[in-house]
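There are 2 protein chains.
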Amino acid sequence: MLGSIGIDDIETPFEKAEGILGGSASYAAVAGSFFGPNRMVSIVGEDFTDDQRRLFTSRGIDLDGLETAPGKTFRWGGRYAMNFDDRETTFTDLNVLAEFDPKLPASYRDSRFVVLGNTDPAVQLKVLDQLDGPEVVVVDTMNFWLDSQRDLVDEVLARANVVVVNEEEARMISGHHSIPRSALEMLDMGLEAVIIKRGAYGATLRTAGEWFFTSAYPLLEMRDPTGAGDSFAGALTGYLAREGELTDQNLRRAVVHGSVAASFSVEGFGLESLLNLTEQQMKDRYAEFLRFSRVELDID
Amino acid sequence: MLGSIGIDDIETPFEKAEGILGGSASYAAVAGSFFGPNRMVSIVGEDFTDDQRRLFTSRGIDLDGLETAPGKTFRWGGRYAMNFDDRETTFTDLNVLAEFDPKLPASYRDSRFVVLGNTDPAVQLKVLDQLDGPEVVVVDTMNFWLDSQRDLVDEVLARANVVVVNEEEARMISGHHSIPRSALEMLDMGLEAVIIKRGAYGATLRTAGEWFFTSAYPLLEMRDPTGAGDSFAGALTGYLAREGELTDQNLRRAVVHGSVAASFSVEGFGLESLLNLTEQQMKDRYAEFLRFSRVELDID
Chain A
0 MLGSIGIDDI ETPFEKAEGI LGGSASYAAV AGSFFGPNRM VSIVGEDFTD
50 DQRRLFTSRG IDLDGLETAP GKTFRWGGRY AMNFDDRETT FTDLNVLAEF
100 DPKLPASYRD SRFVVLGNTD PAVQLKVLDQ LDGPEVVVVD TMNFWLDSQR
150 DLVDEVLARA NVVVVNEEEA RMISGHHSIP RSALEMLDMG LEAVIIKRGA
200 YGATLRTAGE WFFTSAYPLL EMRDPTGAGD SFAGALTGYL AREGELTDQN
250 LRRAVVHGSV AASFSVEGFG LESLLNLTEQ QMKDRYAEFL RFSRVELDID
Chain B
0 MLGSIGIDDI ETPFEKAEGI LGGSASYAAV AGSFFGPNRM VSIVGEDFTD
50 DQRRLFTSRG IDLDGLETAP GKTFRWGGRY AMNFDDRETT FTDLNVLAEF
100 DPKLPASYRD SRFVVLGNTD PAVQLKVLDQ LDGPEVVVVD TMNFWLDSQR
150 DLVDEVLARA NVVVVNEEEA RMISGHHSIP RSALEMLDMG LEAVIIKRGA
200 YGATLRTAGE WFFTSAYPLL EMRDPTGAGD SFAGALTGYL AREGELTDQN
250 LRRAVVHGSV AASFSVEGFG LESLLNLTEQ QMKDRYAEFL RFSRVELDID
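From first to last, the protein sequence lines are chains A and B.
FYI, numbering that gives the first Met the number 0 numbers position 241 of the first sequence as 240, with every residue one higher than the one before it.
FYI, numbering that gives the first Met the number 0 numbers position 197 of the second sequence as 196, with every residue one higher than the one before it.
Keep in mind the hints are simulated off the structure, nothing from the lab.
Predicted, not measured: the structure shown is a model, and the values here were computed from it.
Warning: the hint list may mix true and false statements.
Claimed, not checked - Reference excerpt, derived from the structure (chain A facing chain B, CB under 10 Å, subset only):
#, residue
1, A68
2, K71
3, W75
4, E87
5, T213
6, S214
7, M221
8, Q248
9, R251
10, F288
11, S292
Said to hold, decoys possible - In silico contact screen, one side only, chain A against chain B (beta carbon under 7 Å); selected entries:
#, residue
12, K15
13, P179
14, Y200
15, P217
16, L289
17, F291
From the three backbone atoms N, C-alpha and C, an ideal C-beta is built for every residue, glycine too.
Start from the sequences, fold in the hints, and give me the full structure.
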């Protein structure tokens, strides 16, 4: 799991928290850890504590690829609007992340399932270059990189199997407004699966053969949307890694597992609900998701 | 099927048509006719032609409840923005619709399944008053009536079993921003099923026991969104009337049938694609919808 580790200040219409553990790699690794051990590639500063490390290692997350650099850990602040959809970045202190030049430990070279979390595409490429041909590469990106380094993003996509983007990113990548058309267009770029996250509406999966649509969990209250997409990608890839094969049905189930993780993630502040979650709770909600879309065959 | 019959001028970013048959009752009755005969309650002017009548009667739609009044048929014009989501009403000539005071023929009194299409709630109530206790009343409404005659809308809802609304209307009725919360709130108003249409995202059904979510059809091109919601309500009710019972599974299938009809409706201009549709095409797309959400059980 490549991505950022950050210390976040988050403000929602109802709550506020400062200095909580966050970052795309944190959410992805914790969500993925429900399906088996995983390896982290990221960077922190000297202020990162042993307790924070233990949060990861206690869940089977390998930190050999977590670099500690002189200086401070990445910090980020965000404030959500009343609708929880619009977010304003209140500050970004890249700190050690500014000079991140990942050097993977030898033990990571054989990684078969890889999540390239939302970071600089140049960094994503450096990670790929250090792997011995992974089987499945899942890529997340962001409007910022699509605006500033489109060529490099395209290079990453050309080496990926699965892309996970939101609607805005899908439109930017494809140049089409229609989401179904964007998905098909991205598939034509050589991807095996295109997954479009649609927030409160769920997610769409397109493979060569089929469409798949899943709803989001009908949450009556949301506490903190931060990390929902990273949790989605982490659980999705964790599930795929455990199952081992990129079949259409495994991808469908992976999208549902991603949605389950995202729904729990937003029910708590920061990582708290993922960290307190049991495997049984995840299984129960997975079963609920399947019930939400089940239509028994009738004579039609 | 209660609703308007209108002559529409429609302009999309790519096409334009004038003087085409439309109105909520037209779309609902034609979409419903795939599941069996139905009865129309509406009003037209003396300019309404025999050919236009035959479009309905040839599909088994009973026009005994279609009043012809001195004057002109209701006319409406709409222009869609580039995204097809935003619509501007270019003109509204109520004409004979302004004085519509429905008088149902005796043969309609025993109607068991009723769609109260989007019209003045006072008119919806008058229709209910002339029926001998229908089994299932499906209600559609609109922000305009919620703003201007909320008390009457509430009266209609209190006598209905199923409500079909879009997200904005759901929020107005419930006073909540969250769509899941709005659905539960409306259910508490005494409805058996709440159906929220979410445009390109599909539809949500809430019954006392369960949630159900279905996607929209992944259309690569949309031609004319007019009448999508009315087609949805018409097919939904047509299917329920044919099946006869308001079970959870019948409601789920009805929502999918409604989504199928809406998807065909928006692929053509005005009523054209619904009028040219075969039953087999509807069945095939229904089967596709079920495939789009099918997750085979795994060991989890």
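Okay, the hints, checked on the actual structure:
1. A68: violated, 40 Å
2. K71: violated, 38 Å
3. W75: violated, 26 Å
4. E87: Cβ of A:E87 sits 19 Å from chain B, so the hint is violated.
5. T213: holds, 7 Å
6. S214: holds, 3 Å
7. M221: holds, 8 Å
8. Q248: OK, holds: A:Q248 within 10 Å of chain B, min 5 Å.
9. R251: holds, 5 Å
10. F288: Where the cut-off is 10 Å and the nearest Cβ of chain B is about 8 Å from A:F288, the hint holds.
11. S292: holds, 4 Å
12. K15: violated, 20 Å
13. P179: Constraint on A:P179 satisfied, holds at 4 Å.
14. Y200: Holds, about 4 Å.
15. P217: With a closest approach of 4 Å, the A:P217 hint holds.
16. L289: At 5 Å from the nearest chain B Cβ, A:L289 passes the 7 Å test, so the hint holds.
17. F291: Because about 5 Å separates A:F291 from the closest Cβ in chain B, which is inside the 7 Å limit, the hint holds.
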